[in-house]
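Asker: For reference, the chains in residue letters:
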Amino acid sequence: MELLVASAVGAMTAAGLYLVLRARTFPVIVGVAMLSYAVNVFLFASGRLAIDLPPVISDTATGYSDPLPQALVLTAIVISFGMTAVIVVLALRAYLESGTDAIDTPAGESESGQPPSIAPTAASARKSDQTEGGQ
Amino acid sequence: MALTLIVLLPFLGALLPGLMIRAGRNSCALATGSVTLAALVLLLAQAPAVFSGEVIHARAEWLPSLGLNANFFLDGLGFLFAGLILGIGLLIIIYARFYLSKKDPMGQFYSYLLLFQGAMVGIVLCDNILLLLIFWELTSLSSFLLIGYWKHLPEGRQGARMALTVTGMGGLAMIAGMLILGEIVGSYDLSVILENKELIQSSDWYVPALLLILAGCFTKSAQFPFHFWLPHAMAAPTPVSAYLHSATMVKAGIFLMARLWPVLAGTDWWFYIVASTGLFTMVMAAWIALFKDDLKGLLAFSTVSHLALVTFLFGLGTPMAAVAGVFHIINHAAFKAALFMSAGIIDHETGTRDIKKLGGLMTLMPITMTIATLGALSMAGVPLLNGFLTKEMMLHEALQTDYAGIPGILGLLAVIGAIFSVAYSFRYIAHVFLGAPRNDYPQTPHDPPFGLYLPPLVLMIPVVLIGLFPAAIAGPLVATAAGAVIGGPLPDYHLAIWHGFNLTLVASLVALAAGAALLWHHVRANDFRLSFRRPEAKAMFESVLDTAAGAARLVTDGLHNGSMRRYVDVMIGAVFLAGVTAFFATSHGPGSRALTPVPPITLLGWAVLIGACVSIVLLHRQRLLTLVIVGVIGVLVSLSFIYLSAPDLALTQISVEVVTVMLLLLALNFLPKETPKESGSLRRGRDGLLASLGGLGVGMLIYAVMTRDFTTISDFHLAQSKPGGGGTNVVNVILVDFRGFDTFGEIIVLGIAALSIFALLDGALKGPAIKRLQSWVPDQERSRDRHPMMLVVATRVMLPLSLLVGVYIFLRGHNDPGGGFIAGLVVAIAFLMQYMASGFGWAEQRMKIDYHLMIGIGVLAAGFTGVGAWIAGRPFLTSDFTYVTLPIFGKFEVATAMAFDVGVFLTVVGSVMMALASLSRLARVTEAPVNSEPMDVDPTQASSNTNRGTS
Chain A
54 MELLVASAVG
64 AMTAAGLYLV
74 LRARTFPVIV
84 GVAMLSYAVN
94 VFLFASGRLA
104 IDLPPVISDT
114 ATGYSDPLPQ
124 ALVLTAIVIS
134 FGMTAVIVVL
144 ALRAYLESGT
154 DAIDTPAGES
164 ESGQPPSIAP
174 TAASARKSDQ
184 TEGGQ
Chain B
86 MALTLIVLLP
96 FLGALLPGLM
106 IRAGRNSCAL
116 ATGSVTLAAL
126 VLLLAQAPAV
136 FSGEVIHARA
146 EWLPSLGLNA
156 NFFLDGLGFL
166 FAGLILGIGL
176 LIIIYARFYL
186 SKKDPMGQFY
196 SYLLLFQGAM
206 VGIVLCDNIL
216 LLLIFWELTS
226 LSSFLLIGYW
236 KHLPEGRQGA
246 RMALTVTGMG
256 GLAMIAGMLI
266 LGEIVGSYDL
276 SVILENKELI
286 QSSDWYVPAL
296 LLILAGCFTK
306 SAQFPFHFWL
316 PHAMAAPTPV
326 SAYLHSATMV
336 KAGIFLMARL
346 WPVLAGTDWW
356 FYIVASTGLF
366 TMVMAAWIAL
376 FKDDLKGLLA
386 FSTVSHLALV
396 TFLFGLGTPM
406 AAVAGVFHII
416 NHAAFKAALF
426 MSAGIIDHET
436 GTRDIKKLGG
446 LMTLMPITMT
456 IATLGALSMA
466 GVPLLNGFLT
476 KEMMLHEALQ
486 TDYAGIPGIL
496 GLLAVIGAIF
506 SVAYSFRYIA
516 HVFLGAPRND
526 YPQTPHDPPF
536 GLYLPPLVLM
546 IPVVLIGLFP
556 AAIAGPLVAT
566 AAGAVIGGPL
576 PDYHLAIWHG
586 FNLTLVASLV
596 ALAAGAALLW
606 HHVRANDFRL
616 SFRRPEAKAM
626 FESVLDTAAG
636 AARLVTDGLH
646 NGSMRRYVDV
656 MIGAVFLAGV
666 TAFFATSHGP
676 GSRALTPVPP
686 ITLLGWAVLI
696 GACVSIVLLH
706 RQRLLTLVIV
716 GVIGVLVSLS
726 FIYLSAPDLA
736 LTQISVEVVT
746 VMLLLLALNF
756 LPKETPKESG
766 SLRRGRDGLL
776 ASLGGLGVGM
786 LIYAVMTRDF
796 TTISDFHLAQ
806 SKPGGGGTNV
816 VNVILVDFRG
826 FDTFGEIIVL
836 GIAALSIFAL
846 LDGALKGPAI
856 KRLQSWVPDQ
866 ERSRDRHPMM
876 LVVATRVMLP
886 LSLLVGVYIF
896 LRGHNDPGGG
906 FIAGLVVAIA
916 FLMQYMASGF
926 GWAEQRMKID
936 YHLMIGIGVL
946 AAGFTGVGAW
956 IAGRPFLTSD
966 FTYVTLPIFG
976 KFEVATAMAF
986 DVGVFLTVVG
996 SVMMALASLS
1006 RLARVTEAPV
1016 NSEPMDVDPT
1026 QASSNTNRGT
1036 S
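If you read the protein sequences in the order shown, they are chains A and B.
Here this note's numbering is used: the first residue of the first sequence is 54, the next is one more, and so on.
Here this note's numbering is used: the first residue of the second sequence is 86, the next is one more, and so on.
If you're looking for bench data, these hints aren't it; they were derived computationally from the structure.
For clarity, every value in this text was computed on a predicted model and none was experimentally measured.
Incorrect hints may appear among the rest.
[To be verified] List time: in silico SDA-like cross-link candidates among lysine to any residue, alpha-carbon distance up to 20 Å: (1) Lys856/B with Leu143/A; (2) Lys758/B with Glu150/A; (3) Lys758/B with Gly152/A; (4) Lys851/B with Thr113/A; (5) Lys851/B with Glu150/A; (6) Lys807/B with Thr113/A.
Using the sequences and the hints given, assemble the complete structure.
Answerer: Next up, the structure:
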């Protein structure tokens, strides 16, 4: 079981690192999320693996898994959610402001082209479609 | 205690002007003046003790571990300086009331002035060199505000920046010097340092400490080569110049030289550095002052010259010279403040301070003329005025001292300096007031209102009285202050006008005559000066700054080129190298702990997880698919948590998973759905290699950890959970009780994250972002039935159930898996479902909750629960519980931790909903139809096929 967990952590880390090294915001965010999984499981596993020994006090339990890493990881999961939410919104705002979701500043200029979806002709075309559909 | 109060009064009083300005300019000035007056009275109350030779101490521990204590002491030197700062400060406050125009924000001015005053008083009274450094920096900062007070003038801003740069750099050097000094002595208390002359001067670190401290003093007191900032600081309003450059700011460097004189002076290093710098600066600045056409420029360079005179005297290192130095500090403060104020009056009344445009003001402004003439004559060193006395003493000391074995050279240079000094002082009189009245003044000149000439007039009293009766008026003060500087017996001297006909008197008379002659040939002398190339200090300063900024930019641009991928490469590479180093530095290999068995089902889960990791790398360009795979991985992680005895984690992970994927989906709505293929195969190969090595390292590390035995501190938590925390779910008890402070911090972070999201998306509603949103076209086919009936009905039915589940999970949390976090997420998901089913418009009309408020209440609820423990006399967040028996429900537990968990719950719900609501506001402006009906198709009107979506 230890080998499985370790290799899973390794695989998630590797996937996360690879995605973090991509050039667009969205893969980077997903990469950070992957790294969060890896780190959370890593921390959790540092309390060693235990099966059927939940840290809930009862008279019938034969033992307990280590509750401390669990409490830490619970906090970490919620914090990583907060972080993911902030960076995805940051990426969204950056995209809306600059029209690109590339994470590197292009050499010499700050703005590259417009996002493909904002063509004024298409917008007006859609508007007319909608009014027709609404009536 | 009184001492501490003297220092604190100006700081506390700095709040007053800003408030009092609402009651008018007079009240504002009055309030400011009262603060300074109160401090001055407190100081004068100490006079009897100080004059009897007593040293008054006030001690308070601040950070004893650093040797930083709020210790103050008052001896003669401190008394002299504090008196000058507060006394002249009071006059400046009166003067500024009449000087500042109605357009100038007077409250700001007085606030800055009091801040500055407090910092100065702090420097001269503190008994701890670390504290002194703090006040020192405060003077740099507050003088920056004062010099740049007229923000609309570029000269003001540049001058302020230059002053801050130069004095700030000196301050940094001085910090190093002071720390060395403190290390040599082993104490940062000034009164201890002052008693260790031998220890300091015999130390190897004496010279570095001396050089660094002098760098601080010379920059502050505008000594060559740092003199150039002072004339540029003249862009400040005249009250500021009068204050900073007569009694305070520039005297701080002088003060420190005087303060540390007993332990630093008397060596060759001190003599050659300080005396040479002083003498050279004195002559050079006096020469420049002679040709300044700007009245304040003339006074600025004369100030540099006179500061240099004092520096020179201290540099000589003899007790007699130190007495003269102290005496000149008093004299210079009096006449220079008055001269600056009279320059301000001339500027105020004639509209110019250009000497070339002035002249003949004698009959037009007789009062001003009287004041300025007395001041200037004193500055020139004319007998019967106070300036004469110290100029005599200075010449006497200079003539007596040999320089590098050559007698007379110091005296000769001092006489030359005195000649220039006489010439520019006479020029201030002759070229401004004498001559025929002109008819081309920018304004019609006349004497100013009483309030403007009162302060300089008051200053003329000591100028004349000290000049006439030096021993009677200034004798005790000079003796007390000089005694404090010397730190030993005073030399045998007497302050008098007439010392008999001697070499000094001859030198003095020669200087007066030659100075007058030089002024007579002013034009020719100026032509002579102009025939040389003169270094332009400002240009040099700016080129140095530009070079430094250029070098900094080069380094920054080289390292920080805007490519985040590069930074991430560097970070990952660095961590990897650290790991490799650690790997080979110690033994490694798997441990011997017994492995847990692998049932086939876990093998299947593992295979799916690995497959998901591989596919997310391969398929990451299709973003929607990526999200699906992320969901798969999240579910598998949750499952492994369940399997590995962590039910709380599993519950949290699965609910966070749902919320995360929802938010990512919402955001993806506005982002491109595919990632373009940009990286070449080389780049991808390199990234892949780096990622694989990283993954391999982390995997091996955790494997090595898991296969070793360990001792845990969790036994305490397991044992105390029930008796101490009142709950059987140890993880929850740790969160809300043992480590409650962590959780408290965490919900605050979560709240801040939600507020940041709100701010980020709120800001997107203007600027280029809103334009993009308004012309938004979905890049994908949209469903015609955006709010399908089945989904609407199902979520409606599920809402009360989900809420019930939320409440249930919340309530059982203390004893069974669950708790505030998970319950909050479950409830948030239940609401999110309504938004998804019926759209933002419909749901928003029904959710009348202010999420900002909800987050705030949540954090406060948790905080107040923690504070509640204080009432019971226990530390923050100590929980308590009791058992209550109710008739029907039976015995159950009530814990304060429950209230804390409510706070957690509210914050989580508020944060998640806030993120969603912020995203939904963006969706609104994309002109997507805003629905007010629960579904697009109304089943009660089945006959018509109309789409009821309204735009």
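Asker: Each hint needs a verdict: does it hold in this structure or not?
Answerer: Hint check results:
{"no.": "1", "hint": "Lys856/B with Leu143/A", "in the structure": "holds (18 Å)"}
{"no.": "2", "hint": "Lys758/B with Glu150/A", "in the structure": "holds (18 Å)"}
{"no.": "3", "hint": "Lys758/B with Gly152/A", "in the structure": "holds (14 Å)"}
{"no.": "4", "hint": "Lys851/B with Thr113/A", "in the structure": "violated (62 Å)"}
{"no.": "5", "hint": "Lys851/B with Glu150/A", "in the structure": "holds (10 Å)"}
{"no.": "6", "hint": "Lys807/B with Thr113/A", "in the structure": "holds (15 Å)"}
In this structure, only the earlier hint numbered 4 is contradicted, and the remaining ones agree with it.
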